Each structure stands twice: as C-alpha cells, then as structure tokens.
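Based on these hints, arrange chain B on the given structure of chain A.
Each chain is listed here by its residues.
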Amino acid sequence: MLSDRRKRIKLLLLVLALLGLGLHYGATASQVAVAFNRCVEDPLAYDGFQVNLSLWTVRAIGSHGYVLYKVHRLAPIQGGTSGLEVGDVLSVTGHFDALQGVIVEDTRRAHPLRPLKIGLGAVTMVFLAVYPWMSKRRPSFWKDGTGA
Amino acid sequence: MPDLVTHACTGFLVKAATRGDLVAAFVAGSVLPDLLSRAPVELLLLVDTHLFPVPEMLIYIWAPTHLPTGMVLWSMAFSFLYAESRRKRAFLNLLAGALLHLVLDLLQSHQGLGYFVFFPFYDKPMELGLLGTESTVWLAPPLVLLTWMVWRRRRHEKAPRAA
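Those sequence lines, one after another, are chains A and B. Its first residue numbered 1, the first sequence is counted upward by one per residue in my numbering. Its first residue numbered 1001, the second sequence is counted upward by one per residue in my numbering.
Think of the hints as simulated: they come from the structure by calculation, not from any bench. As the structure is a computational prediction, the values presented were derived from the model and not from experiment. Glycine residues also receive a C-beta, built at the ideal position from the N, C-alpha and C atoms. Careful, some of the hints might be misleading.
Derived DEER-like restraints, expressed as beta-carbon distance ranges [what the hints assert, rightly or not]: (1) A:Val130 x B:Lys1124: 36 to 44 Å; (2) A:Glu85 x B:Leu1081: 42 to 50 Å; (3) B:Glu1157 x A:Ala27: 44 to 52 Å.
Output of the computed footprint for chain B on chain A, the stretches with three or more beta carbons under 8 Å from beta carbons of chain B [what the hints assert, rightly or not]: (4) 7-21; (5) 113-123.
Pulled out of the complex, with its shape left as it was, chain A reads as follows:
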C-alpha cells in the first residue's frame, strides 16, 4: 500500500477519497451540527427545540436581542444585550420560539480570547514554515533520523 509502486495513482486515489469525504460531510454532517437549520425549515415542528450555537459572531444588536452569524446563517436571539458588541464571538444555548421565529437565550458564553488563539495559530504556522529552512545549517534533533 505504501510502496513506490504506482505512487501517483495511490496519491490521486487518496486525494479523491478525501474529496469524497468532504463532499459527504458538507451534504450530511453539517446539517446535523447546525440544528438551527431544522427550526428555520419547519418552525412549528420544532417549537421549543433546544438549540446550541457554538462560536457564532454577533452581527447586529437590537433592543430586545441580537443577531448571530456563522457560515451564511443568521440566528436571531432574544436575550440581554448589555456588554455586547458587534463582532463578539459567543456560544449560546436556547430554545426556539416558533411564533416569534427567534431563539430565546438560556445561557451565553463569550470568547474574548478567540482572536488571541487564532493569532497563536498564525504564529505557529509561520514558525513551522520558517524553522526547517533556518535549521539547515546546524545539527538538530528536529531533523528526522539524521541525528547530529
């Protein structure tokens, strides 16, 4: 399986398999993850349905609530708005109110450290890209199996 024989065909098959998995995920699993979809598509059937929104961004703030956004979806939330700002990242649990077409907030958690976390990711990416090039001139434990 991992030999050099027909290496390119194997690589092509692996990439195609990954692509197939991705398309399958996009078609099915994303629907499971975003339960709010079901409320929007059939509001009366899902009245009172428990909704979990993890890591959504505040898009707008009104007098009785706010609107969250994630990947093309807007979720109107009925809840307190004190301390909220557009652009904040929140995780919210609530239940769907079919008559008003909103999610009534039960719990809310802010993620003020989200930008720092993404920044750390960017720094790591740069380091991992640059380090192998920098370390070419010296012996390193990092170099696989070459030892000193």
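Same frame as chain A, but now just chain B:
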C-alpha cells in the same frame, strides 16, 4: 481545538518522551489537522465576510481532515514525502500525532457540539467537555518554554561529543 502552539508543543513533548525518531512527522501530524481543516476555513470566512460570498460546501469540505477517517487518508498521502524505507513509520507517526491532536480537542466543551469522531459511519458528535475552547491559551507560554528546554537538551544529547 486547543491553540496550535499547545498542539505543536504537546506533540513535540510526547514524542520526545518516547525518544523515537521521526519527530517532525509526529509534530506535523499533531498540527496538520488544524492546518488542513481550520486554516482554509478561516481564510474562506475572511473572504466571505470582506470580499464575496463563498459557497457553504467550500466551508465544510475540509472538516473530515480533522476526523480519524480523513487523518488516515492524509497521513498516507503525506507519508509519500518520505523514502520508501521509512514510509510506514512516517505514516504511523503522522497518524499518531493527529490522533493526539484529536484527543486534546475532545477534552474541550462546545456545548455538546463536539466532533464527529466516527464519521462517516456514525453521525453523533462527541466531546468530553472538560476544558473551555480557549483555556489552553494561557498554557501556551510555559509549554513553549518547556519545549525549548527539552529541545535544547535533546540536541545536546544528539550532538557528537568532543573526544
């Protein structure tokens, strides 16, 4: 996910503890799940927010690279970067690093919206919910320091000693 610094450092420290070779493969395995799944999504979301709408499928298509089935596939693919004699071990190191990544991620809480660990065979998300999604940010600086100390120590051990 814990932040990428935590993933990279944890991968390095776990591998260093085993004193095995192919460290880079193991560390690469521990960071690639995020680089293959999260990095393109973050970029596409920036495009979606500031430039033009991105098809939803393009956002979700990367997700399986962060799940075991996808990890097996890309570990195989990346192992072809290694010579045939070391390829099987490279594959195992890449996959082990990736699985360590997933174990760390499963510690987090996304309010029940965890990871589809058995995708595409079982579609219920899982997580242990022990850590907040940004809890490890404060752990990153001491981990970097510890990693640097272990790294230096291992380099000295590997360097040829003067007669």
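Here's how the hints hold up against the structure:
1. Under the hint 36 to 44 Å, the C-beta atoms of Val130 (chain A) and Lys1124 (chain B), about 40 Å apart, fit the expected range.
2. At roughly 45 Å, the beta carbons of Glu85 (chain A) and Leu1081 (chain B) sit within the given window of 42 to 50 Å.
3. Remark: the range hint 44 to 52 Å for Glu1157 (chain B) to Ala27 (chain A) is upheld by a beta-carbon distance near 51 Å.
4. Only residues whose beta carbon comes within less than 8 Å of a beta carbon in chain B count, and the segment 7-21 of chain A has 9; three or more means the coverage holds.
5. Counting residues of the segment 113-123 of chain A whose C-beta lies closer than 8 Å to any C-beta of chain B gives 8; at least three are required, and the coverage claim holds.
Taken one by one, the earlier hints all hold for this structure without exception.
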